[in-house]
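*Asks:* Chains as they are written, first to last, in UniProt numbering: chain A, 1 to 429; chain B, 1 to 429.
Certain hints may be false.
Copies of the same chain look alike in the list, so a pair counts if it fits in one copy or across any two.
[To be verified] List of simulated lysine-lysine pairs, DSS-like, C-alpha gap at most 27 Å:
#1 Lys320 / Lys387
#2 Lys197 / Lys387
#3 Lys320 / Lys210
#4 Lys297 / Lys210
#5 Lys32 / Lys307
#6 Lys43 / Lys32
#7 Lys387 / Lys297
#8 Lys210 / Lys40
#9 Lys197 / Lys320
#10 Lys425 / Lys32
#11 Lys43 / Lys425
#12 Lys425 / Lys320
#13 Lys197 / Lys43
#14 Lys158 / Lys425
Quick caveat, the hints were computed from the structure, so don't treat them as lab data.
2 protein chains.
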Amino acid sequence: MYRDVLILYCRAPNAAPTETGMSRLALSDSDKQARDWFVKTTKALGCTVTIDNIGNIFAVRPGRREGPATFAGSHLDTQPSGGRYDGILGILAGIEMLSVLQEHQVETEFPVGVVNWTNEEGARFPISMMSSGVWAEEIALDRAHNTREVGGGTATVKSELERIGYLGSTPASYRSVPLAAHFELHIEQGPILESEKQKVGVVKGVQAYKWFTVNIDGRDAHTGTTPLQSRADAMLLAARLITHTHRLATAHNALASTGILTLSPGSTNTIPGHVSFTLDIRAPADATVEAMEADLKRDFAALAAGKDIGGLLANSTPGKPLSVEWRTDFVSPATIFHPDCIGVVRASAEAVTGDSSLVRDMSSGAGHDSVYASRRCPTSMIFVPSKNGVSHNPEEYTSPEDCALGAEVLLQSVLRYDRMRAEGKTQAI
Amino acid sequence: MYRDVLILYCRAPNAAPTETGMSRLALSDSDKQARDWFVKTTKALGCTVTIDNIGNIFAVRPGRREGPATFAGSHLDTQPSGGRYDGILGILAGIEMLSVLQEHQVETEFPVGVVNWTNEEGARFPISMMSSGVWAEEIALDRAHNTREVGGGTATVKSELERIGYLGSTPASYRSVPLAAHFELHIEQGPILESEKQKVGVVKGVQAYKWFTVNIDGRDAHTGTTPLQSRADAMLLAARLITHTHRLATAHNALASTGILTLSPGSTNTIPGHVSFTLDIRAPADATVEAMEADLKRDFAALAAGKDIGGLLANSTPGKPLSVEWRTDFVSPATIFHPDCIGVVRASAEAVTGDSSLVRDMSSGAGHDSVYASRRCPTSMIFVPSKNGVSHNPEEYTSPEDCALGAEVLLQSVLRYDRMRAEGKTQAI
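I would like the entire structure built from these sequences, with the hints used as guidance.
*Replies:* Right, dumping it as structure tokens:
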């Protein structure tokens with residue numbers, strides 16, 4: 001049943017990337033078109049639509065009883081050259097859920113709904129998960145409204161909300177629009193399900209991460225006239241530190257990555273006196289990230305001083321000491337989803353696949369609207385496989401079968417949660 | 001005797017860099033001033049001055065007999081923010097040599113001279129050792145003449161030679177202005193003499209070097225969603241390769257340096273799929289550089305494929321294979337100076353210092369006009385200590401005592417060589 005709708009959005013597996021990408025930047029004309037379609041479609045399915053003053057759209061189908069709705073939610077906006085699945089899948093599967101309920105005249109105990117969160121990507125307006133953050137009252141409405149588009153344009157979130165007609169009158173807050181629960185179907189954006197030949201990820205939370213900039217100061221010197229023992233080679237030290245970081249990530253069962261590295265002065269025949277690089281450390285638990293940070297600070301200082309760590313300086317020429325200085329750029333603590341929601345997602349996934357070996361518990365490596373939703377209501381997520389783990393790219397691909405499977409798990413999760421509520425078995429956050 | 005002149009050009013050791021730097025770009029107005037002074041001074045010391053059509057200035061003091069002069073030579077031009085010693089010292093010491101000969105009415109057997117080579121630095125007009133190269137007929141005159149200044153200006157070498165009045169009529173060639181020998185006093189530009197507490201370097205040649213660009217292709221991926229074993233992390237591989245390069249340099253008693261590294265896409269939360277870095281490999285012998293290159297190509301390919309070399313992959317998570325591609329950017333074979341010249345420099349240095357432990361044989365790490373001179377006449381160089389090994393920088397410093405010592409070695413070397421010629425003991429190249 002899901003396939004008919006979803007398949008429209010799935011490209012042929014061998015299509016060229018240019019035939020398959022999606023560029024629907026937040027609050028652009030194409031975002032307005034998708035929003036208009038969302039409102040029209042959900043109203044046609046019997047929903048009441050509420051738009052808040054950050055442009056979040058809540059479509060709610062009534063249940064037997066009054067009360068906050070159990071929501072499926074995600075986002076319609078994309079990266080500048082994104083794929084067709086990131087965010088969009090969760091919204092379409094939510095609408096398909098409403099359609100199935102309507103078609104089969106299913107009456108839920110409590111209302112159920114679908115929410116489209118504004119500007120999850122933070123690509124055009126550079127705050128990620130912006131409007132679920134405003135709804136959770138963790139990001140100030142003013143700050144969000146006044147965020148200016150990247151690339152030197154003059155448009156702000158507020159001016160664009162007005163321009164496309166999505167500046168609603170309802171205050172953006174969990175107090176004005178409470179959610180009973182939030183379930184988000186999303187592509188994994190990583191390779192684990194595919195490589196493990198599994199179908200559904202039960203997402204128990206979102207990894208903690210910390211971003212740092214590491215600055216190394218050595219001394220510029222001529223590559224031809226400076227013997228190895230006289231060098232304070234910032235690039236060589238950076239190479240050793242990055243090599244070591246990977247080893248520590250392995251030891252801690254964590255992730256560590258360097259995505260930016262700059263050096264100066266930048267000449268083939270000058271040993272760089274300065275290198276600056278980023279470090280992105282992630283692990284499911286905050287404590288692991290903290291332990292990694294402490295170990296790395298200790299070991300970087302030792303290596304900079306010429307003390308060997310793990311054989312890195314073996315068969316090398318001792319040089320001059322260098323200095324290493326750390327700056328913390330961003331801290332994102334771990335998010336732990338709600339056991340009730342995790343439980344219904346797991347039960348639904350096992351029921352839909354009929355094979356618990358196709359289902360795995362996972363941490364999300366990336367942030368999602370569910371992070372902010374989980375601060376104010378029970379939340380969990382459902383992951384489906386991403387081909388080659390690729391995302392934020394026109395090559396992003398999830399098979400129609402996997403999309404449909406995920407949509408079925410989403411529907412069952414919402415219905416199971418509704419039943420738990422009816423039976424008084426759910427817990428608050 | 002040398003100190004009176006040389007001390008004028010030596011800064012106080014604790015002076016601020018801004019009081020001590022020198023910016024005399026090739027063929028600029030300040031280069032013209034220094035040239036005019038050079039011509040006037042050498043003529044006053046009884047020299048005949050010849051200017052060739054690349055602006056090289058040859059000042060020759062007659063000897064008892066006719067024949068090519070034995071030359072002291074170096075260059076008056078500097079880097080944009082250079083020091084007061086690189087090049088200048090060799091010219092001043094040459095003029096001081098003429099002055100001493102004149103003052104003491106010394107008659108040499110053959111003529112002796114001083115040569116100022118145009119645009120050694122290649123800073124304003126980007127060909128290093130340009131005009132000794134033209135004189136040696138290893139760089140075409142047209143190419144040199146048409147070389148345009150860096151930074152978008154329209155001046156060429158030829159237009160600037162005309163403007164400042166130094167486009168001579170003598171063809172720039174060793175055939176028109178033969179040199180009997182070329183001795184160059186120069187600051188070491190490295191830390192060896194200082195750190196070994198030695199005073200004079202007898203330069204036996206110039207290291208071979210090769211420049212490469214190494215391109216790594218892996219795959220961009222999200223830092224949060226991509227497990228270590230699913231990564232093709234180009235930055236991590238680059239870090240390992242640079243770490244390994246240093247080890248191989250240690251093993252080969254060679255030098256290896258990475259002065260430029262760029263990566264893409266360049267975002268804190270994206271594992272770089274592509275890294276490009278330069279590799280500058282140097283050793284006194286061509287064979288060592290070739291052996292390093294072969295070893296590195298073999299080992300880089302192995303590491304890219306995930307095969308451990310020297311424990312670099314210990315305690316790490318095996319990832320996906322990457323590809324490594326090499327490009328050769330520049331090849332400079334080793335230069336071996338002439339045994340006659342090396343011999344007289346060594347004998348002079350031991351005589352002047354009175355202590356052979358203060359004298360060492362060296363390879364030059366950097367290129368000099370003596371490289372091209374040595375292709376057409378017997379050549380050697382004399383190095384004196386550089387404070388902290390610093391050069392191409394206002395911090396460049398050599399003590400007045402060391403400058404004077406070097407100048408005395410230069411004078412003695414030229415006189416000893418003249419005597420060898422008189423005795424018929426010199427060998428052709």
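*Asks:* State for each hint whether it applies.
*Replies:* Hint check:
1. Lys320 / Lys387: Close across copies (16 Å), not inside one copy (47 Å); limit 27 Å.
2. Lys197 / Lys387: Cα proximity of Lys197 and Lys387: one copy only (11 Å, versus 64 Å across).
3. Lys320 / Lys210: between (30 Å within a copy, 25 Å between copies)
4. Lys297 / Lys210: Answer is within: at 14 Å inside a copy they meet the 27 Å cutoff, but 36 Å across does not.
5. Lys32 / Lys307: Neither: 59 Å inside a copy, 52 Å across copies.
6. Lys43 / Lys32: Within. Shortest intra-copy distance 16 Å satisfies the 27 Å Cα cut-off; inter-copy 84 Å does not.
7. Lys387 / Lys297: neither (36 Å within a copy, 33 Å between copies)
8. Lys210 / Lys40: Classified as neither: same-chain Cα gap 41 Å, cross-chain 67 Å, threshold 27 Å.
9. Lys197 / Lys320: Classified as between: cross-chain Cα gap 18 Å, same-chain 50 Å, threshold 27 Å.
10. Lys425 / Lys32: neither (39 Å within a copy, 93 Å between copies)
11. Lys43 / Lys425: For Lys43 and Lys425, neither the intra-copy (31 Å) nor the inter-copy (106 Å) Cα distance is at most 27 Å.
12. Lys425 / Lys320: Intra 65 Å, inter 46 Å, cutoff 27 Å: neither.
13. Lys197 / Lys43: neither (39 Å within a copy, 88 Å between copies)
14. Lys158 / Lys425: Classified as neither: same-chain Cα gap 41 Å, cross-chain 91 Å, threshold 27 Å.
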